[in-house]
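Listed below are the residues making up each chain.
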Amino acid sequence: MVVHAAAHDADLSPDGVDRAAIRRVMRSKAGARLSLWLSICSRCGQCAEGCHYYASNPSPEHVPAFRLKPLFELYRRQGEVDREFLERLRDIDYGTCTMCQRCTMYCPHGIGIAPLVHAARGVAVAAGMIPQGLAKGMANALEFGNNLGVTEEEFLETVEWQLEELREEMPDADAPVDKEGAEFLLTFHPRDIKFYPQNLFNYLKLYNAARVDFTLSSRAWDSTNLGLFAGDVPTATRLAERVVEAAEALRVKALITAE
Amino acid sequence: MTRALYDLFAGPLALGAFVVCLVGLAVRGVVFLSLMRREAAAVPENVRWGWAGLSILRYLLPVNVTNRVNPLATAAGFVFHAALIGGALFLSAHVVLLEQAWGLSWPVLPGLWADVLAAAALAGLVVLAGRRLLDPKLRGLSEPRDLWLLLLVALPPASGLAAHLLAPGYEWWMVLHVVSADVLLAAIPFTKLSHALLFALSRGVTGSDFGKRRVGPW
Ligand code: SF4
Ligand code: SF4
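Quick note, the sequences are listed as chains A and B, same order.
Residues 1 to 259 (this note's numbering) make up the first sequence, in order.
Residues 1 to 218 (this note's numbering) make up the second sequence, in order.
Heads up, a few of these hints could be off.
[As the list claims (entries may be wrong)] Sample of chain A residues facing chain B (criterion: CB under 7 Å; computed from the structure):
| no. | residue |
| --- | --- |
| 1 | Gly45 |
| 2 | Gln46 |
| 3 | Ile92 |
| 4 | Thr96 |
Honestly, the hints are just simulated from the structure, not real lab data.
Think of the CB as a built atom: it goes at the ideal place given N, C-alpha and C, for glycine as much as any other residue.
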């Protein structure tokens, strides 16, 4: 979890909402794009056609621009909001958007719903209101280097196991770990390592068959960034840095992320 | 009395409304660009001008994806915008006013077009308002001011048409026409109507962002 704002400059509301922290984050998010987008959304609803939430359940709450309502109100009220408001913001902005950006392709004004949802999540982070599952995943990522808490030993064992299986049909297959100077560094969704090792098998098979000069990193192999997803910028930065540092240390030319 | 009111709202107050509109929009554009510049100091913006231009063009013409998935709303939107802007700029009565006031002039549309354009703009607005009132997804999204703004935008063409078609009350319709046009102009920079200018900046920025990933001039 993220620790926030020293108590002395906190402006705590009776229900324990740290408004000073919220206002700080609001200021940091109020860039050129945010101010522009919040003021020109025409509430025309064209964005609905792009959203997979709306496609599967066409209710008014699933129209992408609906995600902007809490943010819009937050700025209008200049951060003077209570816990109930923030819970609604959290439920809407974490619960009904994957930040895929498809809606932006349908918006005549080109409004970036996803960056605005990201900003709203940043407010929830400042208020200490990240959904629990996400907070746990982030804590895992910070501690173990991947969001499912797979240990380095488990990771290396899984790689070895899948490589052995692969060699039964591809005797000269290889899965070099921490090989300096390789062309590409491969990263994976932790789910593929922990629950679906067959996917790792397939990746290895593919890259071997294509004769790609790749390596895996024993420390930085998580292609996801839950900090980014959660709207927690400092954590997102730390998680990204970890992979970048590994890539630089191994002197690879490019990083491949797979989903 | 109507004469005096008309002269006031078609004269000095109209000039005031134009100034508020143009200066207001300019300020909003400059604020946006200077914020962009300040942010670019931290993270270089790396604008893709070509993609930005294509993106603006694509949404100024009905050749984009919304056209395919939502033909009725897109048609209403395009007809309404074209008729309103075309009428405001090219009806002879408007150009004559400008010529008398500032000596500016340009070619005008034949007289018949006044009624056609006003009716077309209103038809487009009726479709847009109907969707806003009837379509559940838009009802959930709409704020009261969305409807007030639709009404404000409808007043100038509606009163212009009424003045022309309904002989009685001509003077009052004309007063309503100039008053509502002034209010509309002055409201542009302070409401979502600011998309008159900011649309291009927003579309441009997004077109450039998507262009960096080479996924098309969205
Ligand atoms: S399409 Fe764009 S302008 Fe229209 S409601 Fe959605 S975000 Fe707002
Ligand atoms: S970014 Fe969010 S709102 Fe937009 S289409 Fe994707 S899930 Fe829907």
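Measuring from the C-beta of A:Ile92 to each C-beta in chain B, is the shortest one below 7 Å?
violated, 12 Å
Close enough to count: is the Cβ of A:Gln46 nearer than 7 Å to one in chain B?
holds, 5 Å
Does the CB of A:Gly45 sit less than 7 Å away from some CB of chain B?
holds, 5 Å
Please check whether A:Thr96 passes as an interface residue: C-beta within 7 Å of a C-beta belonging to chain B.
Hint violated; A:Thr96 Cβ to chain B Cβ min 13 Å, cut 7 Å.
In summary, the numbered hints that this structure violates are 3 and 4.
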